[in-house]
Structure formats: structure tokens, C-alpha cells
Amino acid sequence: AQSVTQPDIHITVSEGASLELRCNYSYGATPYLFWYVQSPGQGLQLLLKYFSGDTLVQGIKGFEAEFKRSQSSFNLRKPSVHWSDAAEYFCAVLKTSYDKVIFGPGTSLSVIP
Amino acid sequence: KAGVTQTPRYLIKTRGQQVTLSCSPISGHRSVSWYQQTPGQGLQFLFEYFSETQRNKGNFPGRFSGRQFSNSRSEMNVSTLELGDSALYLCASSPGRLGLGDTQYFGPGTRLTVL
Numbered sequence: 001a002q003s004v005t006q007p008d009i010h011i012t013v014s015e016g017a018s019l020e021l022r023c024n025y026s027y028g029a030t031p032y033l034f035w036y037v038q039s040p041g042q043g044l045q046l047l048l049k050y051f052s053g054d055t056l057v058q059g060i061k062g063f064e065a066e067f068k069r070s071q072s073s074f075n076l077r078k079p080s081v082h083w084s085d086a087a088e089y090f091c092a093v094l095k096t097s098y099d100k101v102i103f104g105p106g107t108s109l110s111v112i113p
Numbered sequence: 001k002a003g004v005t006q007t008p009r010y011l012i013k014t015r016g017q018q019v020t021l022s023c024s025p026i027s028g029h030r031s032v033s034w035y036q037q038t039p040g041q042g043l044q045f046l047f048e049y050f051s052e053t054q055r056n057k058g059n060f061p062g063r064f065s066g067r068q069f070s071n072s073r074s075e076m077n078v079s080t081l082e083l084g085d086s087a088l089y090l091c092a093s094s095p096g097r098l099g100l101g102d103t104q105y106f107g108p109g110t111r112l113t114v115l
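Sequences listed follow chains A and B, in order. At position 85 of the first sequence (counting the first as 1) the number is 85 in my numbering, and the numbers step up by one without a gap. At position 55 of the second sequence (counting the first as 1) the number is 55 in my numbering, and the numbers step up by one without a gap.
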């Protein structure tokens, strides 16, 4: 069963516009949640992570994400997108009982100048 | 600190051959995890090594194996290569074991092409 879904395969936004990337997960226990970014030809870089506490998490590069347990979601947001944000974004969940990280299929972001 | 390094960056092999990929973690990191990334299957967890022991493994055949040395460097081996093994193989290191949720730092990957 798919544990992490990212409904949007590809998103295009104009530079300066706001961004929201969706992520839904299915996991019985309290999840550890992550957002990663991958630029072409590069490895993954962690943007932010949520373990517990405040459900609004701040990350690097001006990104933030909100954990909503009732909706099993962990959406990534940025108020103003820069051209350099064009990349692939992956949501992931750490299944602590199995010591495994499950990644979503990714969302490709294009930014129009 | 130097980041995670992976060698080689690119590799071309033929079906039936075997291949060994190498990963050097960030100094002081004891956990190394391996992932396979393909357009069709996305990012999939292969296995994690911590203190020279394999802690867990993803849903991959026994042709995929690995090991970790006392200096935390890790190698991944794939035997009897198949066309479907063509992928980007990513290595990630973290200070503690994966289950603790430590931040994973990824290397640039090794691009394996099987002909």
C-alpha cells in the first residue's frame, strides 16, 4: 500500500507567486515527516521535518509546512517562489517501527520568469 | 565538513555483470542508507547500515547486498545485473540510526546504466 501520496505530478507557477505542494500519508502511528528537494543531477536536500510539537514547521530557503493529523497531510508552502526553486520535491515518512523512509512519487516544480 | 561522496558517479555495465558502488559518509556519521531512484518506481529504500550491521532492508532481491566498514564507509553490490537495475543509486548518512529521525545527508548519487 502506498504510504505517501503527492497528488500533483507537475506544477508550474510564476516567479513571485505563492506555492503549495500537497502531501498525504497513511501510517498508523505518529509519523516523522520530511520534505526534500532534488535539483537536476543532484542528491536530495532536506527542507524541513516534523516529529512533534508545533504543527507549523519552518525550513530552509523560506519554506514551511503544516502537519494536519485530521487530514493526514503535510503540505509544503512558500509565499513567494524564486526561479531557483525549480526542482523536484519529495515528501517522505519515516516508519519508526520499521526503520524505513518511504518517499512519495515527487512533484516537479517549474517556475516561469 | 566534507559532504557525502559517492564513487563512481557514472557506470555502464552489461547484463549479468556485477557492480560495486561506494559511499563515504560525513565524518562522524555512523548510519548509511542506500536508495534506488528510477522514473517508474521513484525513490525506494534499499537498506541501512549502522555500526557495520545491516539494520533493515527494503523489498529488493538478494542480488542487492551491502556492507559497512569500521570507518563507516559503505559499499553496495549488485550481482547478475538486469536491465531494470538501471537507476540512480543514492547514499545518505546520518549521525544516528535511521529510526531516530536524524537528518539524512544525501550524496550526489551513482548513475548506473545496464546494457
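Incorrect hints may appear among the rest.
Stated by the list, open to error - Label-pair distances were calculated between CB atoms; the ranges are: (1) A:Asp54 x B:Gly16: 45 to 55 Å; (2) B:Ser51 x A:Pro113: 21 to 31 Å; (3) B:Phe60 x A:Ile9: 20 to 30 Å; (4) B:Gln18 x A:His82: 40 to 50 Å; (5) A:Gly53 x B:Thr53: 49 to 59 Å; (6) A:Glu20 x B:Pro39: 35 to 45 Å; (7) A:Ser80 x B:Thr113: 13 to 23 Å; (8) B:Thr113 x A:Glu66: 22 to 32 Å; (9) A:Ile60 x B:Arg55: 23 to 33 Å.
No wet-lab data here; the hints were simulated from the structure. Values in this document were obtained by computation on a predicted structure and should not be read as measured data. We put the CB at the ideal spot given by N, CA and C, even for glycine.
A quick look at each hint next to the structure:
no., hint, verdict
1, A:Asp54 x B:Gly16: 45 to 55 Å, "holds (53 Å)"
2, B:Ser51 x A:Pro113: 21 to 31 Å, "violated (49 Å)"
3, B:Phe60 x A:Ile9: 20 to 30 Å, "holds (25 Å)"
4, B:Gln18 x A:His82: 40 to 50 Å, "holds (44 Å)"
5, A:Gly53 x B:Thr53: 49 to 59 Å, "violated (32 Å)"
6, A:Glu20 x B:Pro39: 35 to 45 Å, "violated (25 Å)"
7, A:Ser80 x B:Thr113: 13 to 23 Å, "violated (39 Å)"
8, B:Thr113 x A:Glu66: 22 to 32 Å, "violated (40 Å)"
9, A:Ile60 x B:Arg55: 23 to 33 Å, "holds (28 Å)"
In summary, the numbered hints that this structure violates are 2, 5, 6, 7, 8.
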